[in-house]
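Using the sequences plus the hints, can you model the full thing?
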Amino acid sequence: MVPKDLRYTKDHEWVKIDGDVATIGVTDYAANQLGDVVFVDLPAVGKTVDQFATFGVVESVKAVSDLYAPVAGEITDVNTELGAKPELVNSDPFGEGWMIRVKVADADQLAGLLDAAGYEQLTAEG
Amino acid sequence: MTEPRGDGDAGASVAEQLHETALINVHRAAGARLIEFGGWLMPVQYSGILEEHRAVRERAGLFDLSHMGELFVDGDDAGDALAAALVTDPRTLAVGRAHYSMICAPDGGIIDDLIVYRLGPEGFLVVANAGNATVVSDELATRLGGWRAVLDDRSLATSLVAIQGPAAASVLAPLTDVDLDALRYYAIAEGQVAGIQGLVARTGYTGEDGFEIFVDWGRGPEVWAALTKARAKAGVIPCGLGARDTLRLEAGMPLYGNELDRETNPFEAGLGRVVKLEKPGDFVGRAALEKVAREGPAKRLAGLSVTGRGIARHGHRVLRDGTPTGFVTSGTHSPTLGRPIAMGYVAPTDAEPGTILAVEIREQPVSAEVVPLPFYKRERPGP
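Line by line, the protein sequences give chains A and B.
Under the numbering used here, the first residue of the first sequence is numbered 1, with each subsequent residue one higher.
Under the numbering used here, the first residue of the second sequence is numbered 1, with each subsequent residue one higher.
Mixed in with the good hints there might be a few duds.
[Said to hold, decoys possible] Which chain B residues face chain A? A few, computed with CB under 10 Å, are given here:
#1 3
#2 45
#3 48
#4 50
#5 53
#6 109
#7 243
#8 307
#9 310
#10 333
#11 361
#12 365
In case anyone wonders, no lab produced these hints; they're calculated from the structure.
Just so it is clear, CB atoms sit at the ideal spot from N, CA and C, and this is done for glycine as well.
Structure follows, in structure tokens:
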């Protein structure tokens, strides 16, 4: 069961909300689909993203996948650990594999995201 | 995140039309991820590509290669017929020896790359790529017309299991009556593996020592099971097409469909030495290939070490000082070297090792340096 305190998108991103700061990554389901992650391309701090727009790329040995922002806002933090250790996305996708932090522009956007049960159902059907 | 679509993912509707090897249920039981490749449903990975890649470099890995094409050519004129059909001269092979070859079109374009094994004075085995097996079989059959030689396409009657890596010989030796110490690289011998009659060849596509074992279709699972029992102690694991691709790319080996195709001739691919222009007799493509040898190729395959940040991939443009000079044909993260590597075609003047180029990745130029191939070479025992 995926962490209950997070929200999810149908594209397998997760969001952790702390006040108006959203921490974003991809789920274990996504990491499993990708296989061994060898490269993560993340944006610069200060850039703004729109909800569901691409904010970067995650690459496995064989595939390149776009990353979509679950919520809009200004990027306040980027996980630079992933530069030297992209495998953190596989080993700890909900923890050390986090990718960016965003200052949430519009809290209403969170309502449209899936909860843990909703995401579990999605991946069960997939 | 977009659903990762690597090369050759199989949708459910495609699966019904795909060939399956005799080991398909073994792969399913082992939890393999299956994809479409060359018309076959094949394992792309079991435990993970990086782990499988490292196993082959450090110990050994087991591969199901039953999708490859096995074409037996026999007859009084078998050698002469093949010399006229291919770019090499199989007549120069001693019995029990093999060489790398290509079958080209009259314009010099490559139809497939092959390994040719000499099984007897008048008997040869030609191994073709899975996706080209039918085309090569048809074309070779046509080219044998008029010669006293017969083509027996046993692709669908043959299972091929490979064990590749520095520990391969020690794992296989107890299971076979073939003297592996006497079996040189690029040699083949008839014998038994786990009591099953077949052919054992010391060839491979990984840049490591290894063996490819040909048996009748139905016996493939038994060979795999015997090697599985033996390998467990040696830490040898099953490996899929994902690792097969990263291994061959590190070893600088071309892949048909990427580096080699109908629009490319052997000289452009850096394989001019494979074309034996000095052999007696005509062969298909001779005139065109002699012209390329005289005038020089229009493009050259170059090894690229990516020095900037990003992974060069098939199709990315290659630039020199901002001007397009070619395209990447294969690229990945190299597990052994820990950095991205690629091969691509560039203008001949840009192919010199040391040349600084750039690969256009998501519209950004990422610097890359031309390096000699291969990227990785195994340590051979001393002289």
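We went through each hint and held it up to the structure:
Against a cut-off of 10 Å between C-beta atoms, the interface hint on residue 3 of chain B holds, since the closest Cβ of chain A lies about 7 Å away. Because the beta carbon of residue 45 of chain B sits about 6 Å from the nearest beta carbon in chain A, less than 10 Å, this interface hint is met. With a cut of 10 Å, the hint placing residue 48 of chain B at the interface with chain A holds, because the nearest CB-to-CB distance is about 5 Å. Because the smallest distance between the Cβ of residue 50 of chain B and any Cβ of chain A comes to about 4 Å, under 10 Å, the interface hint for this residue holds.
A cut of 10 Å between beta carbons decides the hint on residue 53 of chain B: the least distance to chain A is about 8 Å, and the hint holds. Because the beta carbon of residue 109 of chain B sits about 28 Å from the nearest beta carbon in chain A, more than 10 Å, this interface hint is broken. Contact between residue 243 of chain B and chain A, as hinted, is supported at the beta carbon level, the nearest pair being about 9 Å apart and thus within 10 Å. This hint is violated: residue 307 of chain B has a C-beta 15 Å from the nearest C-beta of chain A, more than the 10 Å allowed.
Interface hint status for residue 310 of chain B: upheld, as the beta-carbon distance to the closest one in chain A is roughly 7 Å, under 10 Å. The beta carbon of residue 333 of chain B is positioned within 10 Å of a beta carbon in chain A (closest approach about 4 Å), and the interface hint is therefore held. Given hint, residue 361 of chain B at the interface with chain A, holds; its Cβ is 9 Å from that chain's nearest Cβ, closer than 10 Å. At a threshold of 10 Å, the smallest CB-CB gap from residue 365 of chain B to chain A is about 15 Å, leaving the interface hint violated.
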